[in-house]
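> Taken in sequence, the protein lines are chains D and H. Take the first sequence: its letter number 199 is residue 199 in our numbering, and every next letter is one higher. Take the second sequence: its letter number 449 is residue 692 in our numbering, and every next letter is one higher.
None of these hints come from the bench; they were simulated from the model. Please read these numbers as outputs of a predicted model, since none were measured by experiment. Please note: incorrect hints may appear among the correct ones.
What the hints assert, rightly or not - Under 7 angstroms between C-beta atoms, here's a sample of chain H residues computed to sit facing chain D: (1) Q517; (2) S538; (3) L539; (4) S557; (5) D559; (6) S735; (7) I736.
Glycine included, each C-beta is placed from N, C-alpha and C at the ideal position.
Chain by chain, the residues run as shown.
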Amino acid sequence: MIPGMPGLDIDLIGTAVAAVLTFFVFSYLLGDLPGLGPLFKFFYRLTMHVLVGAGVAYALIVAWWSILYPRVFLRLVEARATDNISGMGIAIAGAVLGVLLLTKGIRSLAPLGNISTAYLIGVGIGVATGGAVIGTLHAQSQATATFSSARSVPDLLLLFLGGLGTLAVLASFTFTATGRKGLGGLWARVVQVISVFGRFFLYIALGAAFAGVYVAGVSVLVGRLQAILPLVLNALARLGIWQ
Amino acid sequence: MPDWLAQLTPTPATGPEPLAPATPTVAETDLPEWLKGFAAQPPAPSAPSAPVKTPFVGEQAPAPEELPAWLKDISSPQGAPPAPAAAPQALAEMPEWLKEPEPPAPASSQVAAPFVEPVPPGTGELPAWLKELEPSEAGAPRPGRFAEAPLPPALSVPEEAPPPPTPSEGGLVAAQLPSWLEALRPKELVPTSTAPKEEESAEAEGILAGLYGALPATTVAWQSLGAGISMRPEITPDDLARAGALQELLARGAATPVYREGTSRAQRLWSSSQRLFVFLVIAAAVVVSLLPGMSLGLVGMPELAEAGDKMYGSIDRLKPGDPVLVAFDYDATQSPEMDTQARAVMRHLSTRQAHVSVVSLYAAGPAAAQVVISETNRLMSTTVPFAANLGYVPGQATAVAFVNTAPYSMVIELAATPDTLRWWAEQLTARPGAPPLLAGVSAQAEPMSLPYLQSQQVKGMIVGIRDAVAYELKLGSVRQGEEPQTLAPLESIATANVALIGLILLGGLVQLVSGSGSRSRDGRRHK
Numbered sequence: 001m002i003p004g005m006p007g008l009d010i011d012l013i014g015t016a017v018a019a020v021l022t023f024f025v026f027s028y029l030l031g032d033l034p035g036l037g038p039l040f041k042f043f044y045r046l047t048m049h050v051l052v053g054a055g056v057a058y059a060l061i062v063a064w065w066s067i068l069y070p071r072v073f074l075r076l077v078e079a080r081a082t083d084n085i086s087g088m089g090i091a092i093a094g095a096v097l098g099v100l101l102l103t104k105g106i107r108s109l110a111p112l113g114n115i116s117t118a119y120l121i122g123v124g125i126g127v128a129t130g131g132a133v134i135g136t137l138h139a140q141s142q143a144t145a146t147f148s149s150a151r152s153v154p155d156l157l158l159l160f161l162g163g164l165g166t167l168a169v170l171a172s173f174t175f176t177a178t179g180r181k182g183l184g185g186l187w188a189r190v191v192q193v194i195s196v197f198g199r200f201f202l203y204i205a206l207g208a209a210f211a212g213v214y215v216a217g218v219s220v221l222v223g224r225l226q227a228i229l230p231l232v233l234n235a236l237a238r239l240g241i242w243q
Numbered sequence: 244m245p246d247w248l249a250q251l252t253p254t255p256a257t258g259p260e261p262l263a264p265a266t267p268t269v270a271e272t273d274l275p276e277w278l279k280g281f282a283a284q285p286p287a288p289s290a291p292s293a294p295v296k297t298p299f300v301g302e303q304a305p306a307p308e309e310l311p312a313w314l315k316d317i318s319s320p321q322g323a324p325p326a327p328a329a330a331p332q333a334l335a336e337m338p339e340w341l342k343e344p345e346p347p348a349p350a351s352s353q354v355a356a357p358f359v360e361p362v363p364p365g366t367g368e369l370p371a372w373l374k375e376l377e378p379s380e381a382g383a384p385r386p387g388r389f390a391e392a393p394l395p396p397a398l399s400v401p402e403e404a405p406p407p408p409t410p411s412e413g414g415l416v417a418a419q420l421p422s423w424l425e426a427l428r429p430k431e432l433v434p435t436s437t438a439p440k441e442e443e444s445a446e447a448e449g450i451l452a453g454l455y456g457a458l459p460a461t462t463v464a465w466q467s468l469g470a471g472i473s474m475r476p477e478i479t480p481d482d483l484a485r486a487g488a489l490q491e492l493l494a495r496g497a498a499t500p501v502y503r504e505g506t507s508r509a510q511r512l513w514s515s516s517q518r519l520f521v522f523l524v525i526a527a528a529v530v531v532s533l534l535p536g537m538s539l540g541l542v543g544m545p546e547l548a549e550a551g552d553k554m555y556g557s558i559d560r561l562k563p564g565d566p567v568l569v570a571f572d573y574d575a576t577q578s579p580e581m582d583t584q585a586r587a588v589m590r591h592l593s594t595r596q597a598h599v600s601v602v603s604l605y606a607a608g609p610a611a612a613q614v615v616i617s618e619t620n621r622l623m624s625t626t627v628p629f630a631a632n633l634g635y636v637p638g639q640a641t642a643v644a645f646v647n648t649a650p651y652s653m654v655i656e657l658a659a660t661p662d663t664l665r666w667w668a669e670q671l672t673a674r675p676g677a678p679p680l681l682a683g684v685s686a687q688a689e690p691m692s693l694p695y696l697q698s699q700q701v702k703g704m705i706v707g708i709r710d711a712v713a714y715e716l717k718l719g720s721v722r723q724g725e726e727p728q729t730l731a732p733l734e735s736i737a738t739a740n741v742a743l744i745g746l747i748l749l750g751g752l753v754q755l756v757s758g759s760g761s762r763s764r765d766g767r768r769h770k
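The shape of chain D in the complex, shown without the other chains (with noise of 0.2 angstroms):
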């Protein structure tokens, strides 16, 4: 309840304004309509901006309340305390190198950004290129190789079809020069009738990915709905409209 408002309540006035805003968005359907369509248009920018801005307000917030002042600035604190002379090293130099990255939107200044760039490109690829080679490259292929867990004919005969996907797949991205002879124009025959299926199964995974992507829009569609709903058949029905 707001104080000194009695009626009105807080999370009443926030589902009515995410109702509205909601409703700005979906007006951007009817942008096209003459007369009104540039309103719609209007209305849907309005909301746009709204979220931006609200979008980087919070990102800034986040930024000082989880980041800078928790991880710099308090730790510069507690090892200024401690006498901790590696924890404020490390701590400097954590700012000097966040500092030195602000200086990337100054072309004069730019090319003192590339340390922490590097710095972070580096770690970034670091990381990842392990990750990706344990967790994903040797982990997948361990999996697409192992027939231990096939229990069953159908399970066997997936097995085996994902690891013709799998080969096809990888053919379909391989580019072979056409017109040669001997053995390596037969290869590049070869490579051109796998590619086929290849292809094939990236239709197959493709419209996969497109129908959960579809299935995702419905969801959150059905979730605002579901969310502005009870509102719109409030006031429909403080209206007489719907019982």
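On the provided structure of chain D, position chain H as indicated by the hints.
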């Protein structure tokens, strides 16, 4: 001829003085014997205005009898004019080469002879290398060694006297320019008849344009660089073809989208109304299923799949107080779908009295997590928060690598995109002794997430709203009589799917009819 050049023209009065002094200024005693005789004689008449070929100072003039025959021929050319009648008597005692009167100097071109080889001494005194230069036949002067080398025009001495100048119409006499000065004349003013030859390599550009032989060293320099370098390289047909293709690409320019100007407003309105029609059909299908008492009964009670069962069992085996790390890797744009899963999982963890720590790889993730935590606290009527929101962890995959997962019994990843699940799966797989990973993913992340489930890197998984509803039903958190409300989202999605199938069929039918109509029109047009 310009004035400054005219001043350089020798006049009879101001001709170049011979390098040897005409009047002896040295004491008589210092003179040699052969010169003393000259000193007693009256001075010789003034020499003609033409320059005299005099030996250099300090050289001893050879005696006439010592002169070789070829030199005598040179000193007395056949075409030379006769000596003046009033020759002094002393000339009889002079050597032959001095007796010879100098040729008249009607042409100013003879001025340009500053460098004259000294007359060699007597034959007996000639060195061997010089003797070789002697003419093989008497009377035919053998050209010297340097005579074979072409001199630049500025240094060359005309061998023949130029023709006498002819008066022009205005009474002016055309000046006879030396060849080196002629070469400096602008190209536009050079008459055709006097234009130098092509071999003299006229400069084609720059401030030296039109000058011939201005840079004679360039020819030698290019030749010294080898035969492979040519100022006019030959262009092969292949190079020409490639250059033509490149020219075509450059001339084509950037591909810019072309909008049809002929599209009328009615056509644009029809196109936009199609999108609006699709939206209205799907929205109506979704809304109708959400309205109370409007269930179409398209879906029954969902059951968890095997992966969902594994996830449920893993959480259900937790002991009270077991630490669990939950990652809310989604933001507000995916929360309508993901919150359904999060609510079910968090409620289950709350019932198991687990100590939950919440992190997020998204900056907006902690806010979404806090909404679910607050709702779970309210539903479970717990006064003490069962979950600690640790907030945003920056660094994506790097952050996952440095998150200390050792204290936790399990890690639950709620992922709206496959990337965050991949980061967690990769880093936990690479870490020995890592806790098991469970996942709740959105429908769009399912195809890319299933491989990690099949490889046992993810121990259990629920997907989308359907598994979330099934999880809620299995958890028993749905009260009696609330099943239709719980199933409403699934009913809504199923109705939307049916509506979409109907739209696809309708669109295909319309396309089929309109396509056949357009084909028939095209066929009539071709006929």
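> Next step is simple, just say for each hint if it's right about the structure.
Results of checking the hints against the structure:
Because the beta carbon of H:Q517 sits about 11 angstroms from the nearest beta carbon in chain D, more than 7 angstroms, this interface hint is broken. Taken as an interface hint, H:S538 does not check out: its beta carbon lies about 14 angstroms from the nearest beta carbon of chain D, beyond 7 angstroms. At about 14 angstroms, the closest approach between the beta carbon of H:L539 and any beta carbon in chain D exceeds 7 angstroms, and the interface hint on this residue is violated. With its C-beta approaching chain D no nearer than about 19 angstroms, H:S557 sits outside the 7 angstroms limit, and its interface hint is violated.
The interface hint given for H:D559 is broken, as the beta carbon of that residue sits about 24 angstroms from the closest beta carbon of chain D, more than 7 angstroms. Satisfaction of the interface hint for H:S735 is found here, the shortest Cβ-Cβ separation to chain D being roughly 5 angstroms, below the 7 angstroms cut-off. A distance limit of 7 angstroms between C-beta atoms decides the matter here; for H:I736 the minimum to chain D is near 5 angstroms, and the interface restraint holds.
Against the hints set out earlier in the document, violations occur for numbers 1, 2, 3, 4, 5.
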